[in-house]
Amino acid sequence: MHYEEILHRCFRCGFCKLTADYSAFNCPSYLKFGFDTYAPAGRMWLLRAWLMGDLPMSPHLQEIIFSCATCGSCVEHCAFPFKDDLVNIFIAAREEMVLRGQIPPAVRDYLKAMQVYGNPYKLPQADRGAWAAGTGLEAWQNQEHLLYVGCVAAYDDIGQRMARAVGTVLVRLGVSLGILGARETCDGNEVRAVGETGLFALLAAENIRLWHELGVRRIITVDPHAYNAFVNEYPALGGDFETFHYTQVLASRLEAAPERLQPLPLKVAFHDPCYLGRHSGDYASARRCLTALPGLELLEMPQIRADALCCGGGGGNFFTDILGAGPQAPARVRVRQALATGVQVLAVACPQCA
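Reminder that position 100 of the sequence shown reads as 104 in the working numbering, one-by-one numbering, no gaps.
There could be a bad hint or two in this list.
With beta-carbon atoms standing in for the labels, derived distance ranges [stated by the list, open to error]:
(1) 162 with 103: 33 to 43 angstroms
(2) 6 with 239: 12 to 22 angstroms
(3) 209 with 147: 30 to 40 angstroms
(4) 269 with 205: 43 to 53 angstroms
(5) 242 with 92: 14 to 24 angstroms
(6) 263 with 112: 49 to 59 angstroms
(7) 172 with 86: 11 to 21 angstroms
Calculated directly from the structure, the hints in this document are not laboratory data. For every residue, glycine included, the Cβ atom is placed at its ideal position computed from N, Cα and C.
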């Protein structure tokens with residue numbers, strides 16, 4: 005297994021599951037289950053015991069390893085020099101488990117759907133662009149930007165509404181963009197996160213080949229997970245495209261045209277998506293969009309920016325639902341934090357978070 009030589013260096017100090025000021029638990033799987041085995045340090049020790057043959061593989065151990073949301077909070081708060089590799093260590097462990105066929109049924113079903121249908125919803129490829137009906141978005145014809153929405157925004161009901169809203173606003177603001185519709189292929193970010201690196205490489209190669217063939221140079225993404233894949237993973241595979249998350253494009257356009265904005269007297273809290281914030285370092289763009297709107301008051305929740313509490317959907321958990329149920333599910337905790345802040349709207353910038 006990659007990174008196997010690092011596992012013994014973890015002292016289980018526990019900083020990895022806390023916020024920077026030690027005031028709250030910030031690891032979504034630890035928050036949900038309440039055992040150190042579900043925290044990053046616990047996983048490190050369990051993985052070492054498994055690889056040394058001291059601990060047999062079991063459904064419970066599989067659940068522990070795949071409950072990691074790859075949110076990167078542990079990377080921010082670990083006290084040791086190997087911290088930058090923590091998420092990669094857990095992905096490498098999943099890769100080893102995928103190779104051995106030792107994965108939870110929900111992960112198996114997700115990967116089977118991806119291999120057979122090309123999307124986790126088991127829906128036809130021909131329906132992938134149906135979300136754009138009535139938006140005024142045009143098919144790709146060498147416009148300045150390709151608008152890439154991803155699987156959740158293409159097929160999920162809530163994600164589709166988000167994609168339509170984003171596409172409609174970008175068109176109204178005069179952004180030159182086109183969509184691929186049924187020709188769009190999964191970005192593969194979650195496939196890689198659950199350890200199927202071979203399938204990820206195939207998906208990435210197909211996207212890169214098609215975009216080069218079509219002359220795509222600049223991409224706007226709806227999903228921060230796709231943004232992460234295109235910015236942080238694709239360049240090493242030959243896919244070096246100028247990529248923006250939609251909030252980065254909207255922020256400058258909204259700030260440049262205040263006369264076009266109607267007053268919006270709302271109190272709003274913003275939830276930082278892990279793959280836009282911690283993984284990609286952008287905590288500002290979405291907040292700039294919100295503060296550009298006249299009358300809107302931005303109130304911050306506890307645990308924001310680098311300390312943001314993950315919704316629990318990352319690392320494939322949006323599809324496997326290992327973290328989804330119960331009062332301590334991270335998404336439910338996050339909604340309660342927003343309610344306690346007294347806002348009317350909890351704003352998100354990711355279809356999985358939504």
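(message) Hints numbered earlier in the text: which of these fail when held up against the supplied structure?
(response) 3 and 7
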